[in-house]
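Given the coordinates of chain A, assemble chain B onto it according to the supplied hints.
Residue numbers (the numbering used here), protein chains in the order written: chain A, 1 to 203; chain B, 1 to 203.
Remember, identical chains collapse to one label, so a pair may be satisfied in a single copy or spanning two.
Below 20 Å or equal to it, Euclidean Cα-Cα: the simulated DMTMM-like pairs (lysine to aspartate or glutamate) are:
#	residue 1	residue 2
1	LYS26	ASP170
2	LYS84	GLU58
3	LYS26	GLU171
4	LYS184	ASP167
5	LYS155	ASP191
6	LYS155	GLU192
7	LYS155	GLU73
8	LYS94	GLU171
9	LYS184	ASP161
10	LYS2	ASP191
11	LYS142	GLU45
12	LYS142	GLU101
If you are wondering where the hints come from, they were derived from the structure by calculation, not from laboratory data.
Protein chains: 2
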Amino acid sequence: MKGLLFVISAPAGCGKDTILNELFKKTDTAGYAVSATTRAPREGEVNGVHYHFLTREEFEHKIAEKEVLEYTEYCGSYYGTLRKSVDDLINQSKDAILKIEVEGAMNIRRMFPEACLVFILPPSWEVLEKRLRDRGTETEEKIVERTKQARTEIKYAENYDYLIVNDKLDEAVDDLLAVLRAEKLRRSRSDELLNSFGEGGKA
Amino acid sequence: MKGLLFVISAPAGCGKDTILNELFKKTDTAGYAVSATTRAPREGEVNGVHYHFLTREEFEHKIAEKEVLEYTEYCGSYYGTLRKSVDDLINQSKDAILKIEVEGAMNIRRMFPEACLVFILPPSWEVLEKRLRDRGTETEEKIVERTKQARTEIKYAENYDYLIVNDKLDEAVDDLLAVLRAEKLRRSRSDELLNSFGEGGKA
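With the rest of the complex left out, here is chain A (with noise of 0.2 Å):
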């Protein structure tokens, strides 16, 4: 069976980085498609394993030869999806995890409309700006824009496949875990499974 394409979005905050960390020692049947952007790495992050880090330059070429699937401009900078990092996993048989932001995951129901997008909500707004002051890595000012920002991401939550509450980390990643296995399971993906029950499998 192929792997599936599962698109992750979330609020600065709400945890999505731990949460992806924590799924990947907990499977080995999907793995991350890392994004690519312009934006400058923060501390800690390894280029190529959190994103793929280029120059403005860089990631305009790749656009004009067609090997950005989608691409958008967040608070500054360029974040986009290699369709390489995409292909690469879905050739192994493996599910692609892609971490994009909103309008990025509409771009992609759009392009792959059996792409299964999952949401991940902080408990509350209350939360979401405690856990952002917590960080420490961001100024006053960008806790301000990033909050401000939350507020208008989560109004596309609505047209995601999946919601999952970040309020317990082990829960949410269980969470994450039973949405991919049980996409796996959905009717709409099993025409071949039905098949091969030969006659009988189809009314």
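Same frame as chain A, but now just chain B:
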């Protein structure tokens, strides 16, 4: 959050009883909505646990009193869902698991479009026949009848939401657990959650 309604169907010999037994050892958020039937109990079957075993007269009385949510006649016996079995679980905020055959499942879908339907498949026709014979509780005539019945039932599988192949029991149980968990996270069931984010939660 209110419990959801799950319908599990499978041809005889696909192991749905074993799967459900194991399921209820692993979760306490779901309960079994015991069906009613007029067929004779098999060895080991307990009234009120495996089925509510009723006489034809009792069953028909309950139909007349509108205490039966749906029912059908199958291999010469009535099988049906008692309204009380479902209501008791939902009122405790538990998911109600119904084990019913295909026509009953289609009736539930019509009455409760939000119900989630799961069909259990054997790994192959050959394995199914072997399992029926190994059971040792059925006459050869019954085995032929049930195999023929299975080929009819599987035609309904395409109307279900999820398909689970019972090849390895543990994996089939974990598949079903994943379906129960993921289904609660579906966007279409989460209006209340999004509303809790206030104006910002709705586009």
